[in-house]
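Asks: As a plain string of letters, each chain reads:
Number of protein chains: 4
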Amino acid sequence: MTATDPVRIGLIGAGRIGTHHATTLGRNLHQAQLVAVADPVEASARRLGEDLGVDWRPDPQSVIDDSGIEAVAITCASTAHAELVVAAARAGKAVFVEKPMAMTLADADRAIAAAEAAGIPLQVGFNRRFARDFAWAHDAVAEGRIGTPQLLRSLTRDPGLPDPGAVPPWTIFTQTLVHDFDTLNWFNAGARAVEVSVMADALVAPDFKATGLLDTAVVTIRYDNGAIGVAEASFSAAYGYDVRGEVFGSAGIVQAGSPAPLATSLWTVDGVSAPTVRRDTDLFADAYAAELAAFCTAVRAGTRTTVGGHDARAALRIALACIEAVETGGTVTIRDDDRDVVA
Amino acid sequence: MTATDPVRIGLIGAGRIGTHHATTLGRNLHQAQLVAVADPVEASARRLGEDLGVDWRPDPQSVIDDSGIEAVAITCASTAHAELVVAAARAGKAVFVEKPMAMTLADADRAIAAAEAAGIPLQVGFNRRFARDFAWAHDAVAEGRIGTPQLLRSLTRDPGLPDPGAVPPWTIFTQTLVHDFDTLNWFNAGARAVEVSVMADALVAPDFKATGLLDTAVVTIRYDNGAIGVAEASFSAAYGYDVRGEVFGSAGIVQAGSPAPLATSLWTVDGVSAPTVRRDTDLFADAYAAELAAFCTAVRAGTRTTVGGHDARAALRIALACIEAVETGGTVTIRDDDRDVVA
Amino acid sequence: MTATDPVRIGLIGAGRIGTHHATTLGRNLHQAQLVAVADPVEASARRLGEDLGVDWRPDPQSVIDDSGIEAVAITCASTAHAELVVAAARAGKAVFVEKPMAMTLADADRAIAAAEAAGIPLQVGFNRRFARDFAWAHDAVAEGRIGTPQLLRSLTRDPGLPDPGAVPPWTIFTQTLVHDFDTLNWFNAGARAVEVSVMADALVAPDFKATGLLDTAVVTIRYDNGAIGVAEASFSAAYGYDVRGEVFGSAGIVQAGSPAPLATSLWTVDGVSAPTVRRDTDLFADAYAAELAAFCTAVRAGTRTTVGGHDARAALRIALACIEAVETGGTVTIRDDDRDVVA
Amino acid sequence: MTATDPVRIGLIGAGRIGTHHATTLGRNLHQAQLVAVADPVEASARRLGEDLGVDWRPDPQSVIDDSGIEAVAITCASTAHAELVVAAARAGKAVFVEKPMAMTLADADRAIAAAEAAGIPLQVGFNRRFARDFAWAHDAVAEGRIGTPQLLRSLTRDPGLPDPGAVPPWTIFTQTLVHDFDTLNWFNAGARAVEVSVMADALVAPDFKATGLLDTAVVTIRYDNGAIGVAEASFSAAYGYDVRGEVFGSAGIVQAGSPAPLATSLWTVDGVSAPTVRRDTDLFADAYAAELAAFCTAVRAGTRTTVGGHDARAALRIALACIEAVETGGTVTIRDDDRDVVA
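Protein chains in written order, with our numbering: chain A, 54 to 396; chain B, 54 to 396; chain C, 54 to 396; chain D, 54 to 396.
Just so you know, the hints here were simulated from the structure itself, not pulled from any lab data.
Where hints are given, some of them may not hold.
Identical copies look the same in the list; a pair holds intra-copy or inter-copy alike.
As the list claims (entries may be wrong) - Once the Cα atoms are required to be at most 20 Å apart in a straight line, the calculated SDA-like pairs of lysine to any residue come out as:
#1 LYS262 - GLY243
#2 LYS262 - ASP277
#3 LYS262 - GLU136
#4 LYS262 - TYR276
#5 LYS262 - LEU158
These numbers were taken from a predicted model, which means no experiment stands behind them.
Isolated chain A (complex conformation) (with noise of 0.2 Å):
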């Protein structure tokens, strides 16, 4: 093996993000070879790894067992997340995990250790880290151009709730403000959120409050760096899929993401308009791409990687405070010692 050969990798997970990644290992990473991929629905298993060329199984085990996979793509149900990541970190592979990493601190707990006691190196899905413009307000919030931080606001504003029975409570804040949690952690970096206070509601399928069902949602987090954050998403933007963040400093503001990132615009008798994206794997595309190139380089350059356990650990800490504030009805305080401890 020699630093330029392909990282060979097993994906668990064949539903949508999962097929995409699994497109993405595939076809267009040379950094990365995709040798099988799992799911243990066989039918979807089957179908991406015929459409890919590739190995499929219905037992995920296989995969971490396989002596030709050196890492493993976890891209299924959220709630299987943290084992699968302990047993691959046992089985010595490294791991691309999609977020959340767990949906309990205990088991964020239990993936970093298992993580950090194997030696491999953990990624966690945060792509918008790596979408250009979002990196590129990063860097400008880190070399200082904007000065000390003091507001941030991060939203998410998802195209659509197509099946609203079928979402999980919470899910707002555990998939989906997660993403806006782990941004507002990246820019505000070295502070750690020690306040959280909501208004969530569900505005968009009201029939589906009763079964724990929010699809709107503001979190306000307050940083010991006295920073304070704003994130906020809904679950259907008629105008497309819509993912901004905004840092206010001492110095001024930076700004990324817009649903219409085209260069063009239209002008007619109707006014200046422009197309928006309708879907994440549209707007994120190269991201989505840059975050799997990232992690086959951290593989093979035996580095460590730019968003870890400790990273899915911090704002999955947000999330949880974000339920425990909406069923307490106040403000939660976030303390220091739910830091970071292994279970």
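Given chain A, put chains B, C and D in place with the hints provided.
Replies: Just chains B, C and D now, with coordinates in the frame of chain A:
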């Protein structure tokens, strides 16, 4: 007096914004005739009067009592606003009053009652309603172009905090964010704020936190139509005077405002850049003139003002809830019976 | 008369732009006092005079002869401009004249000579110079921020061609593009146009080509400092009134102008959109007021106007070269001895 | 060989753009398999071959003769393009050739004839057609969203002129503006350029004008559907690599391109700014990959390429007319019988 005679106006308060309004009334609005200016600081009154070639007086009451004056513009310190509104209304004068119209709900109710009893036009200086971009956004919402409002945002970033020691406590809520509260109320027309949550701090001038100065705040507001509003303020925007609004609804988004409003850009080795506006009187020059023109029209035509005492009270109600939220450290419910009760 | 007395102005020509200017002078500019309006079409003069509450007359000469009038605004048909400038100058009146100041070089020279002989201020209605975005761009060039100008562009896209049969031949050069020629001259200050090439056609209303109507034109201009300018016009912009400029230099680009000048946008299922402006009097409302304010200041302060007879002649010189280029089908050289020669 | 087997490609020309294409083919496109690279400069061939882990050779003909190679990418010096297209076509290879495909019409006709005789796919490297913003603009025109095209603009501003002495005469037309000519032809589909007028100069490096170097040019093109196109180029854009297009039609405008394509901005005391792109391989990274992907698809599917030999000839025809226009100092008519004549 015919329908085209200018409105004879006396102005009380020759400070920064009073000077700006007096100049507009005296020089730029054919619908207005500035008759006199008053300020207890006699030198200020004289300077302004002489500059504009109009009568000047130290005594505000003399303006109110002046039979040659039809309308009074109240631009003095906020603490004196309500009392002057009441006095002017009782004297039968039309009233334009800068925000906030009052500092307590009881005073707001007295002002509203006095104006209604006297049947005089009462307009409050929420200038953003007269900015063309904000008005366009408002109309887009009112016409249903973004569907039902679900998430709203309004922000104010003032370019500086020249003398932190001179800023009264709670200024960020009663003087600054009161604009944003009115903007959110106006965008979300027909809905009532029912709950307020606040994170605020002294990040710009932390040394003055002990004196009660808050210079950075994020306010989250729940409305009775389910919509959630976020209002943000900072007293120290290095890049200019920045006022923006955004309404997300079931059918789309509308945005308004930019600190770089000129249609110009410069592209050099440093990238693309555009000039930003540094003062409210630059960014809102047209809006300031338009609100006074609208006031004159209302006075002369005998029509209702479009932003009156009840609007001032509704925005103040949120500001007072914010103060309570900071003092109690929690979320504050705005009860229905707080609404529009004359003390 | 003191330095702050308004300038007593008489206006000649109560058509569309005359009505706009008269309204600005009569209602919105404290530096001006509109004394009288004149138009040979008596009904037009009466309508405008009565509307603004000023004296009205059918006879333009009576305005020029009026000892109570200090300055004359000439806003009638272009063919009468030069003669009226000469007459007003001889009568010692300051003169504001709409573009084009003259239709021939000889007439332009006569107007310049008369103004210089009388020592009166003469200002020409090149309103773009007073638009804040264009002025910012001009200043950026003048300050050397884009280095040496090398490529310039100015365009005008008028929103409509209501009656093609009523448009005199060469209008696109003498009435429309004359604005762009002045803009290019102004941006490329100190340089002289030396060569002109034209492609023009009747694309909007081809049936009228036989009558000499050109409704679409691209003019390329070589300047004696090497810079190359492009001026474009069309009489039929479906999307609004569109005026833009761009200067590319050795150190960068500066741009000005947008038909969508409001800082607002609407994002719906159709994409992102913004409203466009449909009339010159909307897009340039502030610029039209600013040019008249500047004229009043020049009159009262006795200073030079910033855009005078020589500027009008230089732009006309290019327009006439364009006509020659269309007639001869080739490139036209502008000889140095054409310049500033009084007939 | 199945429909999903990668296309086995040999590349001729290991210079700057050849290295870029080879890297894309060898590393980023699953549809392609780079088999060999050739360059008469043996060191270049070796460096590139070793870097990508593929066979390398000094002799281009050996690539053409290689039975294991299906398609040839020709990225060497322009003067050799046509000859290699003919040779590759005769050998039955599919051909991707960088622009310009030929330097004379006779050579272009020979290349077209050879490709047609061999029945091989021939694609020319007009990469702008594959940039998403330009493609969106093109489609908007094709769908009639701006009505009938009347005024078109395309510009290229290259970020630098490292060694003026090394630039062959007429490069600005044959190498740079040939892109813009193709863009204009593509936007104005179905129309034919019939007349060309040029203003060009050596403004960036005037010392080299004597050697025939032109570094700044404005070309005006009349099409047989009446539309007028403007193409502009400069070899020295301080602010980045700037490629833009605009089509004005009877129903509106469409625009494409920006040197600041990231959705990010920085607002500081200096104003609002955004980063610009400095290299074609950054601005058009996706477009370069997309054109090669499209080529592979055409080869494997046996379909027509979307930009072929006749497009290359039409753009070259305009470039040659520009040279004639500069040499004769006048407007050049492009006769119909110049069109598509095989030498």
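Asks: Provide an ascending list of the numbers of those earlier hints which the structure does not satisfy.
Replies: 1, 3 and 5
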